[in-house]
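Heads up: the sequence lines are chains A and B, in that order.
Note that the numbering used here gives residue 16 to position 16 of the first sequence, counting from 1, and the numbers run on in steps of one.
Residues are numbered in the numbering used here as their position in the second sequence, beginning at 1, plus a constant of 1000.
Please note that a few of the clues may not be correct.
[As the list claims (entries may be wrong)] Straight-line alpha carbon distances no greater than 25 Å define the calculated PhoX-like cross-link-like pairs of lysine-lysine that follow:
1. 1003/B <-> 57/A
2. 1056/B <-> 1017/B
3. 1068/B <-> 1103/B
4. 1003/B <-> 1056/B
5. 1041/B <-> 13/A
6. 1017/B <-> 1103/B
7. 57/A <-> 1103/B
8. 1103/B <-> 1041/B
9. 1056/B <-> 1103/B
Simulated from the structure, these hints should not be mistaken for laboratory data.
Treat the numbers as computed from the prediction; the structure is a model and nothing was measured.
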Amino acid sequence: KAGVTQTPRYLIKTRGQQVTLSCSPISGHRSVSWYQQTPGQGLQFLFEYFSETQRNKGNFPGRFSGRQFSNSRSEMNVSTLELGDSALYLCASSPGVLGYEQYFGPGTRLTVT
Amino acid sequence: ELKVEQNPLFLSMQEGKNYTIYCNYSTTSDRLYWYRQDPGKSLESLFVLLSNGAVKQEGRLMASLDTKARLSTLHITAAVHDLSATYFCAVDVDRDDKIIFGKGTRLHILP
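Using the sequences and the accompanying hints, generate a full structural model.
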């Protein structure tokens, strides 16, 4: 079974630009969650999607948004990038919500200059 | 404020020794997760603990959950160098469904 894939793996953007990251879950998994990892703040939950609906969202500004498609693939978008958005963005998929094991992708390393 | 506190944050130990990593949390939850992260890599799921008293073991690692004490432990038995990594616990907050991570415990096992 193929694992979770994320594209691109590395990205360099400048302040003010926007970026879209993509996540393809394991086949059959309907839940996709996104996390941000930085040295200062650690791992922080961004949002979770299940069956194309956002179930919950972490404490991030509205510049961070996402969506999920009917094939469970998910994208997250960050608009008006700030230096502090530089991070490793991880997505994880699971068969369902609440208590299922999550399988993480390799991450997208975003650098904002 | 919701908090998930791990201790210690850094642990250097000799091969063959036993040790325990603690994860305390400040909110009501009966869903707790342990993950491993190797340097420059993504997270690997280790354990999913879903009820009070849950205990799971895999190789030299054993995790337990006490929801009344709001405490989970990750016990390492007879550590080997390959277990060197950063270990995170994460709590799924009741009624909120948001996951909060601890800061991680960086484990360094000396050969």
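Against the earlier hints, flag every one the structure doesn't satisfy and list their numbers going up. Those not satisfied: there are none.
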